[in-house]
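Top line first, the protein sequences correspond to chains D and F. For the first sequence, numbering that gives the first Met the number 0 begins at 0 and goes up steadily by one. For the second sequence, numbering that gives the first Met the number 0 begins at 0 and goes up steadily by one.
Simulated from the structure, these hints should not be mistaken for lab results. Treat the hints with care, as some may be off.
Since the list can't tell identical chains apart, any single copy or any two copies may satisfy a pair.
[What the hints assert, rightly or not] Below are the SDA-like pairs computed for lysine to any residue, each with C-alpha atoms no more than 25 Å apart in a straight line:
id	residue 1	residue 2
1	LYS323	ARG78
2	LYS323	ARG366
3	LYS323	ARG400
4	LYS323	ASP368
5	LYS142	ASP31
As the structure is a computational prediction, the values presented were derived from the model and not from experiment.
Number of protein chains: 2
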Amino acid sequence: MADEDAGGSEDAGRDDAFERVVSRVRDRIDPDAEERATLEQVAAALANRAADAATDRCPDADVLRVGSTARDTWISGDRDIDVFVRFPTELDRETLEEYGLEVGHATLPEGHEEYAEHPYVKGEFDGFDVDVVPCFRVADATKIRSAVDRTPFHTQYLEARLDDDLASEVRLTKGFLKGIGVYGSNLRTRGFSGYLTELLVCEYGGFRPFLEATADWQPPVRLDPEEHGRATFDDPLVVIDPTDPERNVAAVLSPDNVARLQHYARDFLADPRHELFDPDAWEPDPLSAADLRDHLERRETTPVALRFEAPDLVDDQLYPQLRKSLAGITSGLEDRGFDVMRAATFAAADAVVLVELAVAQRPGVERHDGPPVHVRSHAEGFFEAYADDPDAYGPFVDGDRYVVERDREFTTARAFLESDRLFDVGLGAHVETALEDDYDLLAGEELTELLASEALAVELARYFEPRP
Amino acid sequence: MADEDAGGSEDAGRDDAFERVVSRVRDRIDPDAEERATLEQVAAALANRAADAATDRCPDADVLRVGSTARDTWISGDRDIDVFVRFPTELDRETLEEYGLEVGHATLPEGHEEYAEHPYVKGEFDGFDVDVVPCFRVADATKIRSAVDRTPFHTQYLEARLDDDLASEVRLTKGFLKGIGVYGSNLRTRGFSGYLTELLVCEYGGFRPFLEATADWQPPVRLDPEEHGRATFDDPLVVIDPTDPERNVAAVLSPDNVARLQHYARDFLADPRHELFDPDAWEPDPLSAADLRDHLERRETTPVALRFEAPDLVDDQLYPQLRKSLAGITSGLEDRGFDVMRAATFAAADAVVLVELAVAQRPGVERHDGPPVHVRSHAEGFFEAYADDPDAYGPFVDGDRYVVERDREFTTARAFLESDRLFDVGLGAHVETALEDDYDLLAGEELTELLASEALAVELARYFEPRP
Numbered sequence: 000m001a002d003e004d005a006g007g008s009e010d011a012g013r014d015d016a017f018e019r020v021v022s023r024v025r026d027r028i029d030p031d032a033e034e035r036a037t038l039e040q041v042a043a044a045l046a047n048r049a050a051d052a053a054t055d056r057c058p059d060a061d062v063l064r065v066g067s068t069a070r071d072t073w074i075s076g077d078r079d080i081d082v083f084v085r086f087p088t089e090l091d092r093e094t095l096e097e098y099g100l101e102v103g104h105a106t107l108p109e110g111h112e113e114y115a116e117h118p119y120v121k122g123e124f125d126g127f128d129v130d131v132v133p134c135f136r137v138a139d140a141t142k143i144r145s146a147v148d149r150t151p152f153h154t155q156y157l158e159a160r161l162d163d164d165l166a167s168e169v170r171l172t173k174g175f176l177k178g179i180g181v182y183g184s185n186l187r188t189r190g191f192s193g194y195l196t197e198l199l200v201c202e203y204g205g206f207r208p209f210l211e212a213t214a215d216w217q218p219p220v221r222l223d224p225e226e227h228g229r230a231t232f233d234d235p236l237v238v239i240d241p242t243d244p245e246r247n248v249a250a251v252l253s254p255d256n257v258a259r260l261q262h263y264a265r266d267f268l269a270d271p272r273h274e275l276f277d278p279d280a281w282e283p284d285p286l287s288a289a290d291l292r293d294h295l296e297r298r299e300t301t302p303v304a305l306r307f308e309a310p311d312l313v314d315d316q317l318y319p320q321l322r323k324s325l326a327g328i329t330s331g332l333e334d335r336g337f338d339v340m341r342a343a344t345f346a347a348a349d350a351v352v353l354v355e356l357a358v359a360q361r362p363g364v365e366r367h368d369g370p371p372v373h374v375r376s377h378a379e380g381f382f383e384a385y386a387d388d389p390d391a392y393g394p395f396v397d398g399d400r401y402v403v404e405r406d407r408e409f410t411t412a413r414a415f416l417e418s419d420r421l422f423d424v425g426l427g428a429h430v431e432t433a434l435e436d437d438y439d440l441l442a443g444e445e446l447t448e449l450l451a452s453e454a455l456a457v458e459l460a461r462y463f464e465p466r467p
Numbered sequence: 000m001a002d003e004d005a006g007g008s009e010d011a012g013r014d015d016a017f018e019r020v021v022s023r024v025r026d027r028i029d030p031d032a033e034e035r036a037t038l039e040q041v042a043a044a045l046a047n048r049a050a051d052a053a054t055d056r057c058p059d060a061d062v063l064r065v066g067s068t069a070r071d072t073w074i075s076g077d078r079d080i081d082v083f084v085r086f087p088t089e090l091d092r093e094t095l096e097e098y099g100l101e102v103g104h105a106t107l108p109e110g111h112e113e114y115a116e117h118p119y120v121k122g123e124f125d126g127f128d129v130d131v132v133p134c135f136r137v138a139d140a141t142k143i144r145s146a147v148d149r150t151p152f153h154t155q156y157l158e159a160r161l162d163d164d165l166a167s168e169v170r171l172t173k174g175f176l177k178g179i180g181v182y183g184s185n186l187r188t189r190g191f192s193g194y195l196t197e198l199l200v201c202e203y204g205g206f207r208p209f210l211e212a213t214a215d216w217q218p219p220v221r222l223d224p225e226e227h228g229r230a231t232f233d234d235p236l237v238v239i240d241p242t243d244p245e246r247n248v249a250a251v252l253s254p255d256n257v258a259r260l261q262h263y264a265r266d267f268l269a270d271p272r273h274e275l276f277d278p279d280a281w282e283p284d285p286l287s288a289a290d291l292r293d294h295l296e297r298r299e300t301t302p303v304a305l306r307f308e309a310p311d312l313v314d315d316q317l318y319p320q321l322r323k324s325l326a327g328i329t330s331g332l333e334d335r336g337f338d339v340m341r342a343a344t345f346a347a348a349d350a351v352v353l354v355e356l357a358v359a360q361r362p363g364v365e366r367h368d369g370p371p372v373h374v375r376s377h378a379e380g381f382f383e384a385y386a387d388d389p390d391a392y393g394p395f396v397d398g399d400r401y402v403v404e405r406d407r408e409f410t411t412a413r414a415f416l417e418s419d420r421l422f423d424v425g426l427g428a429h430v431e432t433a434l435e436d437d438y439d440l441l442a443g444e445e446l447t448e449l450l451a452s453e454a455l456a457v458e459l460a461r462y463f464e465p466r467p
């Protein structure tokens with residue numbers, strides 16, 4: 000009984016702490032009346048400007064505010080306003096693009112053009128970051144012509160479900176996901192998008208039940224709010240888009256970020272604290288040269304960094320290419336016997352592919368297994384190929400096979416990384432071009448050169464002092 | 000047509016060469032009339048002495064000559080005479096052993112006792128090496144009480160089948176198997192026994208058809224001369240004993256020796272030459288220190304030898320133990336990341352376990368994969384175990400799992416081989432005792448110390464200059 004009471008008061012204490020932390024977070028992230036009023040005023044003005052310019056060109060066009068600032072799920076300090084201009088589907092794509100850019104420029108006189116699936120105008124307006132995006136007004140989300148056509152349906156779906164309470168829970172949940180570093184569906188982060196977060200909060204009914212559910216997730220987890228999904232997906236989290244039964248809203252989410260959320264959900268429920276809402280606590284200090292040296296001395300590995308000028312690409316293009324290159328280089332090394340302990344890639348002005356080798360050197364010879372001796376024609380061919388090769392040991396018999404030991408092409412990882420064979424591994428196209436242009440190879444203590452860039456020094460801290 | 004003629008005359012040339020070599024070999028290995036007469040005389044005298052001594056003790060006993068010298072399948076220079084003394088099965092085993100030794104000593108006054116499955120007497124007689132072995136005269140070979148009871152049946156079976164021509168083919172085949180180093184069914188060689196060789200020659204009808212058949216073997220090969228075998232065996236060559244349907248005569252034959260025979264059968268058919276009948280051509284010269292150094296320099300491996308006093312065992316016991324120890328030490332090293340390039344074991348006065356490492360050193364830390372984060376109770380236990388461990392990197396998330404990097408127990412292969420953990424791997428019992436007593440660890444150039452023993456220097460030559 001005493002234990003039960005103690006357990007009960009421990010739980011009660013944890014509940015109090017949970018509420019205290021949440022309340023403090025709300026104070027920080029909920030926009031106040033003044034901030035809301037300013038946003039509403041600016042957004043309304045923008046929508047009017049856009050609507051005027053649009054109907055001038057196409058009387059049947061209309062304008063819709065989308066995104067978190069349209070749904071009251073934005074966090075204090077966010078400055079993003081998204082204005083969608085919808086044109087009838089009778090318009091051809093070329094005209095839509097032409098009208099779209101004209102409307103954008105009319106709305107944002109100082110805006111510039113950007114290119115996603117199709118062009119749009121981005122610019123500042125009264126201190127806000129504004130996108131003016133043209134799209135087709137299709138009958139339903141399964142009829143879309145490009146991904147942006149779907150966005151208005153998302154907004155309509157959520158607006159119908161998010162009351163003030165749930166919107167507030169969404170803000171809290173976003174604050175948490177940002178705090179633990181898993182918010183953002185760009186291809187650098189591969190985390191939770193705003194839309195996904197809002198669907199999950201609707202599904203579970205709030206921040207706390209969201210945490211309790213995710214803490215117990217058994218991936219693959221499948222949610223289908225509209226119970227209309229038929230397709231199957233090979234992702235750890237599958238959330239069928241309520242506006243499109245063929246689409247997994249969580250498709251870009253990495254398994255690592257699912258695991259991270261599960262870890263920190265449990266962590267926060269067990270020990271509620273404000274730190275987990277604080278992205279700065281997640282961001283480490285830049286690694287010092289002394290600490291780097293300590294790590295190298297203690298780890299006794301051979302870290303090698305390829306440093307090259309970062310290709311001029313947006314993160315959504317750059318990071319997939321960097322990861323592909325990292326995977327290619329890692330398997331290029333491991334195929335040659337240079338075991339990789341851990342590896343990472345990151346970019347600032349310079350991009351870096353860092354491979355930390357457990358084995359950086361191999362003997363002068365390598366074993367090469369031939370065919371089983373009883374497979375006569377292959378076996379005879381193999382034997383003849385090596386019998387008179389003065390550089391090969393063997394052929395000798397091991398078990399039922401011929402084996403030779405022959406000279407290795409590369410006895411050090413460095414020699415491979417400095418050779419043209421580096422370009423035979425799967426590299427991202429722009430990374431390949433950048434490496435063809437020039438790259439430095441920094442090994443061991445030479446890694447301290449990377450610390451000259453504060454951004455790279457932070458990445459190295461993340462690498463050498465990893466947390467979940 | 001020209002090509003066909005050329006092929007024809009090439010074949011004819013090869014046939015001539017084959018016959019020339021075979022004829023020269025026969026001259027060497029077929030015993031001449033004088034050698035035969037001497038052997039017959041000695042063997043008859045021995046059989047009489049043994050029969051007298053046996054019937055004195057047990058009127059129902061009889062004597063049988065067995066082995067190659069009894070079947071005319073011995074090679075000139077062989078000096079082995081085997082005399083089996085058969086007692087009726089009514090005799091108890093104790094009395095059989097007693098009578099057996101008495102008959103042995105009466106036959107070989109200067110003989111000594113040896114112990115196989117049961118005791119027998121071995122000794123010299125008129126320059127021949129003689130075994131006098133007691134056995135039971137069982138009704139048929141499936142009723143045997145120990146392995147030696149089977150031998151008379153083998154002799155009877157073969158005597159009925161081996162005419163002079165086939166016996167001559169057997170001698171030739173034995174000469175070849177000896178020449179290429181695969182003759183002998185002891186557990187050091189794991190090659191072809193005399194009985195197996197004779198059965199194969201009977202089966203194929205001679206040396207040349209034996210070569211042609213083996214060159215095309217597709218293991219597993221199953222032969223069953225009496226077509227009475229029911230059991231299945233997991234061996235590359237299965238020859239069902241004509242006198243015992245449950246027994247594979249080729250059970251001890253290693254896959255390596257099957258492959259070697261196939262290799263040299265093809266080699267000899269393609270290029271008949273006397274060298275392949277010459278065991279001395281197989282036996283290399285002792286490796287010189289200069290050659291050893293050249294190999295080490297070229298291979299750039301880290302060879303490490305454990306040298307210890309060879310346990311005082313017969314080869315049939317010693318070599319299985321050495322091989323078991325080699326396998327245990329090899330996996331003990333590989334489990335710890337010290338990749339083994341090649342390894343071997345051999346014995347003279349000292350026994351040696353030689354492991355040639357491709358990787359002799361590992362970093363200070365090693366990766367340790369934890370459970371998937373979603374397996375909540377295991378995952379929480381893992382995280383708590385390492386979260387506050389100052390010596391561990393992590394736990395961090397990789398894919399769906401927790402991972403830590405923790406200190407390695409051994410960063411060098413030498414440290415492992417010098418530690419008590421060496422005794423945790425599977426070692427042969429007597430090898431373990433010998434290592435517990437004392438051993439030297441010789442690495443790299445220190446291997447030259449082994450060259451002081453000529454026998455070990457020959458083994459090292461075989462290792463560093465391997466042929467099929």
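Going through the hints against the structure:
1. Taking the closest pair of Cα atoms, LYS323 and ARG78 never come within 25 Å of each other, the shortest separation being 33 Å inside a single copy and 71 Å across copies.
2. Only between protomers do LYS323 and ARG366 lie at most 25 Å apart by alpha-carbon distance; the minimum there is 23 Å, versus 29 Å within a single protomer.
3. Taking identical chains as interchangeable, the C-alpha atoms of LYS323 and ARG400 lie at most 25 Å apart only when they sit on different chains, with a minimum of 21 Å there against 36 Å within one chain.
4. Only between protomers do LYS323 and ASP368 lie at most 25 Å apart by alpha-carbon distance; the minimum there is 23 Å, versus 30 Å within a single protomer.
5. For the homomeric pair LYS142 and ASP31, neither the shortest alpha-carbon distance inside one copy (39 Å) nor that between copies (100 Å) is at most 25 Å.
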